[in-house]
Structure formats: C-alpha cells, structure tokens
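Asker: Sequence:
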Amino acid sequence: MTVRISAVTPDDGGVYLCGVWIYRHSYSYSIINTVHLHIMAKVGVSRATGQSGGRMMIKCEHPQYKTKPKYICKESDGCSERKNPGVQDEWMENGDVSLYDDTRAGVLMVFFRELKAADAGTYRCGVNVSHYTESFTELQLDVRDDATFVTESAHLGEEVNITCQIPEEHKVHFCKDDDNHICQNIRTSAVTEMSPSSERNEERVFTVSISNVSVRDAGVYWCGAETRDTHLTFISLTTKIQLDLFTKVGVSKATGHSGGRMMIKCEHPQYKTKPKYICKESDGCSERKNPGVQDEWMENGDVSLYDDTRAGVLMVFFRELKAADAGTYRCGVNVSHYTESFTELQLDVRDDVKYPKTKTESAHLGEEVNITCQIPEEHKVHFCKDDDNHICQNIRTSTVTEMSPSSERNEERVFTVSISNVSVRDAGVYWCGAETRDTHLTFISLTTKIQLNLFIKVGVSRATGQSGGRMMIKCEHPQHKTKPKYIRKDSDGCSERKNPGVQDEWMENGDVSLYDDTRAGVLMVFFRELKAADAGTYRCGVNVSHYTESFTELQLDVRDDVTFVTESAHLGEEVNITCQIPEEHKVHFCKDDDNHICQNISTSAVTEMSPSSERNEERVFTVSISNVSVRDAGVYWCGAETRDTHLTFISLTTKIQLNLFMAPVVRREGESAEIFCPYDSIYKSKSKSLCKGKCSTRDRNTLNETVREEKETKTDRLTLNDDVTASVFTGTITGLRAEDAGKYWCAVTLERDVNYLYTHLIVIMNEDLNLTKYEGDDMSIQCKHHDELQKCFCKAHEPSMCVKDGVSLEKIRDDRFSFSDEASTGVFTVNITDLREEDSGIYWCGAHIITKVNLEVKKNFSDRIVISCVCVSLLLIGASVLLLYKLRYIKPRDQHSSTDGTEMSSGKAPQAVCEYENIRDVRQRLASGTGDDVLYSNAKLSTDSSDLNHTLYSTVQLPTTPSDGLLYASVRFQKHKESLSDAKVTFNNEEIYSAVSHRERLD
18 MTVRISAVTP DDGGVYLCGV WIYRHSYSYS IINTVHLHIM AKVGVSRATG QSGGRMMIKC
78 EHPQYKTKPK YICKESDGCS ERKNPGVQDE WMENGDVSLY DDTRAGVLMV FFRELKAADA
138 GTYRCGVNVS HYTESFTELQ LDVRDDATFV TESAHLGEEV NITCQIPEEH KVHFCKDDDN
198 HICQNIRTSA VTEMSPSSER NEERVFTVSI SNVSVRDAGV YWCGAETRDT HLTFISLTTK
258 IQLDLFTKVG VSKATGHSGG RMMIKCEHPQ YKTKPKYICK ESDGCSERKN PGVQDEWMEN
318 GDVSLYDDTR AGVLMVFFRE LKAADAGTYR CGVNVSHYTE SFTELQLDVR DDVKYPKTKT
378 ESAHLGEEVN ITCQIPEEHK VHFCKDDDNH ICQNIRTSTV TEMSPSSERN EERVFTVSIS
438 NVSVRDAGVY WCGAETRDTH LTFISLTTKI QLNLFIKVGV SRATGQSGGR MMIKCEHPQH
498 KTKPKYIRKD SDGCSERKNP GVQDEWMENG DVSLYDDTRA GVLMVFFREL KAADAGTYRC
558 GVNVSHYTES FTELQLDVRD DVTFVTESAH LGEEVNITCQ IPEEHKVHFC KDDDNHICQN
618 ISTSAVTEMS PSSERNEERV FTVSISNVSV RDAGVYWCGA ETRDTHLTFI SLTTKIQLNL
678 FMAPVVRREG ESAEIFCPYD SIYKSKSKSL CKGKCSTRDR NTLNETVREE KETKTDRLTL
738 NDDVTASVFT GTITGLRAED AGKYWCAVTL ERDVNYLYTH LIVIMNEDLN LTKYEGDDMS
798 IQCKHHDELQ KCFCKAHEPS MCVKDGVSLE KIRDDRFSFS DEASTGVFTV NITDLREEDS
858 GIYWCGAHII TKVNLEVKKN FSDRIVISCV CVSLLLIGAS VLLLYKLRYI KPRDQHSSTD
918 GTEMSSGKAP QAVCEYENIR DVRQRLASGT GDDVLYSNAK LSTDSSDLNH TLYSTVQLPT
978 TPSDGLLYAS VRFQKHKESL SDAKVTFNNE EIYSAVSHRE RLD
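Here the sequence shown stands for residues 18 to 1020, where the numbers follow our numbering.
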C-alpha cells in the first residue's frame, strides 16, 4: 500500500501508522508499521565571504520561531555535529564558535572568533520547528586572504583616529571586543567617511575618531563589511585594531656612572598585584623587562628585577651600568590588557674617571675595619652589601661616622662605616652612593665598590729545606674538602697564587707541582728543586667563599746543598741505599714517578744503623731492595718528615740515582753484538732508544728509536727491534769497529728520557801486541785515555774477567808494579820493574777498546851462559863432533838474543831503566775473582811486519769520551847500545797510529 502526500508543509511532519487487520474464526489481529516523517524545510540559499585570521558574525533570522531551539551545522560531515548555545539569551562557546539564541528577535547569532581555511564549506543555519520538522537556510561560506592587524596607541585624554577599508557596496561595521571576545557594535562620537583610496574605486576608506580617550576606550576593535540577505545577515570583520592606552603619571631624571650600579624603585601602590615592567623607548618598548614572577629577584639580561606586591614597587637593578644604558625608559604597570600606567625615566650615564671607585679592604677575624666613602653634599647616603645574587641589599651598620668634607668647594662629604668584631658574614662586596627621592621613583646611584676580604689564620708552622733538594708540603683542610686551595708567598703581596686549576690531579705551576686531594681535603705542594729564593713566608690556604680565606702561615727556610749519591746494581742483585736524617724526625723514602713527583714507597727492608754524629743528632738508615728489576731503576729521595697541627713537611735532602747494569758484551772487531734491554710493561706503547756515552737530556747521542707493536727500525749497521710481548727491545750492531765500543744506555722516551739500564760493549782488536823481555828488565806501558772510570790493564785468559769496574794497582801487593795517572793529559802509565818469568802471560790493555798483549819474560842471559858451558863440557866428553856442532849453534843464538829490543853488554845482565811521564793520580787496586795480578791500561801493538825485531813503542788512539772514537796507549822499553837505530811504523787506518822509538843504554 502506498500513501502519497502532496505539497508537504511543515505541519505534515510526525509519526504515521500503517497496518492491516486479520480476522479468524475465534479471534482477530493487526499488523501495524510505524513511519516517522521528518520534514526539512530549506527556506533559502546564501553566500558569504570571510578572511583567514579575521572574524565572522552570522545572524540567522527565524522571527516566526523566536523561542524554538536553533542550531548551525556543516553539511560536509552530514550535519552530525550540531552547534547550539544550549541556553537561550546568553553567549555560549562551542569549540571555536560562540553562539547566542536571541528569543526576543528570533535570531541565532553565530560568531567565528578566528576564521580558518578549514571553516569554508556549506552550512545549515536552522530551527527545530517541532520534533519532526526543521526549517533552515543553506549558507555557503568562502574563506580567503589574511586579515589586517593594526595597533594604535593613545595617551589618556588624547584623540585617536582609527582608519579602515571596506568594499564599496557594503555597509560599514565597527565593533569592540567585550570581555568574552565577542565584538559588540558601538556608537562612536564621529564616523567620517573619506574618499576611496583604490583607483578602481572598489573600496572606500572610513575613519573612526575617538576623542578624549579614557580607560574604557582601550581594547580591541574590529571593522568590516555588513551584508544583508533574505534570511541571513553576514558581518565579515577583516581589520583588527588594538588600541593601547598609556597613562604617563610623571617624568624623572637620574644620573649614573659607567661601571657603577643603579637601583630604580618604581612605585605603583594602587596596583600592588598587577604585573610591572620597564622598557626603553628608543626601541619602541618592544623588549619589556619584567620579573616574570612576583616577590622574587629575577635576572633579565644585565638587569635584575623584583616585583614587590606588598608595597606595589618594582625594583630595577642595573648590575653594571654602560654608556649604552643611557636613554628614556618607561617604568610602568599593566593596569589591564590594553591599559598601562607608567613614569617616564630619563637616564644619563656618564664616563667619569673619578667613578666608579674600587677599593679592597682586608681584615682578620675579630678585627675592626673602617670603610670610607664620598657622596655629593645634597644627597642621602646609601650603603649596601651584595647578596648571593649580586643584588646590593641595604644594611644597618653598627657605626656610621660622618666626617668633614674633603672638597674645597664643599660639594662632597666623606662618611665612614665602622664594622667591629669582623665575622665571616661581614666578608663580601659593599657599595656606597647617593639616594634621590622623586614623586613616583627613587634612584640609588652606587659609585664606590669596596671588597672586604676576610682572612682566618689558623696557625703558624716552620719548615727547613736544603738548596737543590725537594720539599713536599701537605696543607690540611678537612672541613673544606672540595673548596679550591692555593699557596702563595707573602713577599710578593700574595699577588701570584699557585693552585692546581683542577682537582684530584697533579698539575705543574712554574717550578712547583700541586695536587688538590678532595677526598682528604689536602693540598699537596711539591717544590721540585728548592732554591735560596724559595725561602720566605707563605700562606697555604683554602677559599672558603669568594671573599673568605682560611690559611696556615708557613715560614720556609732554605739552607745548605743536598747530597747526591749514585748507586749501580746488577739485574737480580740486592742494593742497599743509605741515608741520614735528624734524630727526632720520621724517615721518608720515595721514588720519582714519570712526572718527577716523589711518590712514597714501601721498601722490603729498612735497617736503622748506629748514629754517625758524635752528638748523636742524626741517625743512619738503610733501605735494601732485593732482586732488583728494571722497575727499581730511577731516582730516589730520602729525608725527614715533620708533622704539625695543620701541615706536614717532607724535606728530601739526599738524592740517590739507582742505575742498573747488565753483564758486558764482549765481541771481536768485525763481529756482531746484541744488546738486550728489558723494560717495564707499562712502557709498551712508548718509544725506546739505545743511547751511547752521555745520555742526559741535554747531552745525548741517541743511536736510533723504535716504537710499540714489535716494529723494527734500522739505520746503517744498527737495528732495533721492540718485542712488546716479552717487554724487551734489542739493539744489534753488525761489523763492529773500534768506535762502536763504549757504554750503552737503554732509554724510554717520555717527557724527559728515562735512562734506566746500561752495559759496556767491549771490542777486542784483531791485532795482538807480542812482547818479549828478559828477567830483571823494566817495562813501562803508557796509555792515553779520556774515560778515567774505564781504564784497565788486566792479566787474564779472557777479557770478560777484566771489565767489572776495573781493578787498579793500588792494592796489588807487589812493589814492582806502579800506576800513575795524569788526568789533565788523559794519560795513565803502568810500570813493571824487575820483570820475572812468572810475569809472562796474556794481558788486556785499553778501555772499551781492548788490545791483547802477549808478554814473554825469558831467563837472564848470564844464567843461560852457565848452562851452556855445562852442556858444552858434557858434549866435549861425549864427542868432538857434537862439540863442533854446539860451538856453531851458540853464535847464532847470541845474535838472536837481541830480538826483544834489549841488548847485553860484555856478557853482563842488563839493568832495566824505566823512563815514563810524570802522572798526577796514582791508584792501585787488586783484581777480584782471579789469582793473577790485574793491571788496567791501554796498549796497541805495531803491525808493521818489517820491524818485528825492533818494536819498542806503540800508540793507540781511543775515544775522547766513550763514544768519541779511539784513545791513545803507548808501551816503552829500554834498548842496549848495540842497536842504536830508530824505527817508525805507521798504520793506514786514520784513527790508529803507532810510533816505535829506541833509546841507547850508555852503561
């Protein structure tokens, strides 16, 4: 069944029932369907245009349904979200739209507070006529360009003109935002329409004049175009005008000084809780400085501000005035969003050499201090002290004494503030200046800065050190562990403070190293080398605060020189280090680390020995280090430790250089030599070097270097290889020469090289010296050298038996041997008188360059004649043939007897006469570890084969230092008159020469 309703009207809406009745024999029933008919009555279509960022008022008129509920919805979302006021005759917000259902006029006012592009679309602006009937007007809203924003400012009582442009054909609409941001239409005293400004005459300009502006006029205005349609009215507000009202209550002038401070107090007692500000007019007051919070000091750039809500005062504090701060300011209060009340301030900043004045006063705890200040005669005195925020707070002093003016023109007066019984609280920065009171402002110009430093001396200590020694001072501040600590000398006015700069780390500061131990609250001050100039009075203190220091006075005396000792030990041996300290002091023994800081060590054995002083004022102690390793090499110091109340002094007066050495390396000329250098594993990543001779940092002869990770470097005949796994680097020298001989150091390259281990390289020359002499003769061997610690003339089967420090003749128990040394000429001489047959043997002559000397001493010639006669007699008895043979043998034998360079005369035994140079230093030692007499010298045999029968004198050139090359050695014998000729032998080698000379024996 179909029901057709034609010409539907709003009254046709409602609920319809449609059904059928069914009858049975004994009963009947019906089937009914319910149909809800909603009537949507579109009464018209309207179009409106607004601007993005602007506002839009839409008035939907339903005069026949004044009290019916009204709504607006967007068709793009199916009108699912209907915006309605919810209440009538009252503005209500619904999202970004405000609505007002005016039941008196039957109008729904829809106010878009800020149009956006997303607001464009098709809307229904309707009324619910009944439950099933709605009447609406379709609205097509277009959103275009941005709106215009204008800010106007006016002072109280002035006139302001507000200009606006609207399209030519539209009606002008001018309104002002109320407290709910709803733009309400206003009636102005004068609306003057001006000629259009557009050439196309599409827009016209109008001006709204507001005369005698009052506080009520301040706020936000909008102007735009109003369009009237059949059922809708559109008001598109496209120009926003913010009218700010400024009330200037007065003008004040203030003067400050560049570098000084300025406090300005702006009073607003009627607006105590309103936000306050200060701004500079030269930049249009665009940057307003305000505390942001109330009743609390806040920093804003170089200005600090305090909004005192109890007194209604804004305090503005310029922490340091600059010339750029000069200008005109507004010191005001925001009475409302668009109304401000302010006082104009004209600030002058002068650059006067007299101001600001800076003074520093110092006082000790409990003393009295007087602070003096000058201010202009007509002003009030202001004296204040900086707080932790560097705000100068007014203080009440115990005594303020005004003194007579110091200016002849009586323009300034002097006043003095006395602070008695100074305490920690009194330390800090004070300011004094002049205070000026105006109607609404108070100015305080602070021109004199006084820094009051408080010193707390907790004690006096005395310490004594020795010139050239070291001194460790420990200053204890357990209650100020993390505070910065320092040491400074009084003689220079304490202008130079030495402090580590960082904490818990050793730092160098000049000739002093410092360590600020924050765990114990101790400053360690280490004088690396005391000098006479270090004597004086010091302060060892801590900065308790910026202006308070606590210190102990130290009186340091520097006296005599220190003791320097060099000890040498073989790897794996035990070494004993002996030191003397005053009887009453505690022993301190330490070792230099890589930064040359002497760190305390625990030794395996410290043995105290009997006092060495007759007055029993000093005692001797010995430190024993067993199984010496490369870690033990270095510089040790020992001295006395003294404990005072707040200081500990360690005076290091004995320096012990512990050098380690290895067994000598003995090789022949032309062979290869390996020098093994073990090192501490902590130096794996450091560069290593092999150094010859003097290996100090200033005078060194580094042969080559190698680096970590088993790298190898090679230069000419030297190869270095670093085995970091085994912690050993090896130097290999091939094709040994005389100049390679010497003392070699193993070194690690740090900030200053560590030479920790040495050995001797002995090079045995290939050419031996063969000497023959008869019993009873004298022999003189003269050796030239330049290393008085490494001279040797040694009788032994092998040269390695002769190289452990050498053994001089001083202890040889045989008057036939003598030893003389002329250090200035670099010559030492070995003299042997009354030669015996047991003197025959192998001798080693030289320093690091060794020459083998084969000495043969034969029987005396007269003894051989007796033996020969006995033999002849026996032979004559035996056979005449043998006698003839014997007689022929004796004559050549006699001629051959002069081959040793010493002739006989008239069958007499020769009397050996020894001539040698006069040597200054005579030393004799006894060789250890061998039964032979061991002498130390240098000698070289001539190698000229043409003169083997007449070699009496030989010279060898050896190094001037252990690394300089060859030294000189000579051997001289006496000669009989039978051989008067001289012979000279010269070698082709430029570094080695030999001269042979003969002297006649006249007896």
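Worth flagging that the hints you see were computed from the coordinates, not collected in a lab. A virtual CB, placed ideally from N, CA and C, is assigned to each residue, including glycine. Be a bit skeptical, because a hint or two may be false.
What the hints assert, rightly or not - Label pairs and their in silico Cβ distance ranges:
{"id": "1", "residue 1": "Gly309", "residue 2": "Pro286", "range": "46 to 56 Å"}
{"id": "2", "residue 1": "Gln674", "residue 2": "Glu378", "range": "46 to 56 Å"}
{"id": "3", "residue 1": "His407", "residue 2": "Val519", "range": "24 to 34 Å"}
Said to hold, decoys possible - Below 25 Å or equal to it, Euclidean Cα-Cα: the simulated SDA-like pairs (lysine to any residue) are:
{"id": "4", "residue 1": "Lys703", "residue 2": "Val745"}
{"id": "5", "residue 1": "Lys91", "residue 2": "Asp159"}
{"id": "6", "residue 1": "Lys474", "residue 2": "Val431"}
{"id": "7", "residue 1": "Lys608", "residue 2": "Ala690"}
Asker: All hints are to be evaluated individually against the structure, with a verdict given for each.
Answerer: To see whether the hints hold, each was checked on the structure:
Glycine 309 and proline 286 have their C-beta atoms about 22 Å apart, which leaves the hinted 46 to 56 Å range violated. Against the hinted window of 46 to 56 Å, the Cβ-Cβ separation of glutamine 674 and glutamate 378 comes to about 52 Å, which satisfies the hint. Evaluation of the 24 to 34 Å hint for histidine 407 and valine 519 yields a pass: the beta carbon distance comes to about 26 Å. The hinted pair formed by lysine 703 and valine 745 meets the criterion: a straight-line CA distance of about 12 Å does not exceed 25 Å.
Taken as a hint, the lysine 91 and aspartate 159 pair is honoured in the structure, with Cα atoms around 13 Å apart against an allowance of 25 Å. Simply put, lysine 474 and valine 431 have alpha-carbon atoms about 32 Å apart, too far for the 25 Å limit, and the pair is violated. Only pairs whose Cα atoms come within 25 Å are accepted, and lysine 608 paired with alanine 690 is rejected, the gap being roughly 33 Å.
In this structure, the earlier hints numbered 1, 6, 7 are contradicted, and the remaining ones agree with it.
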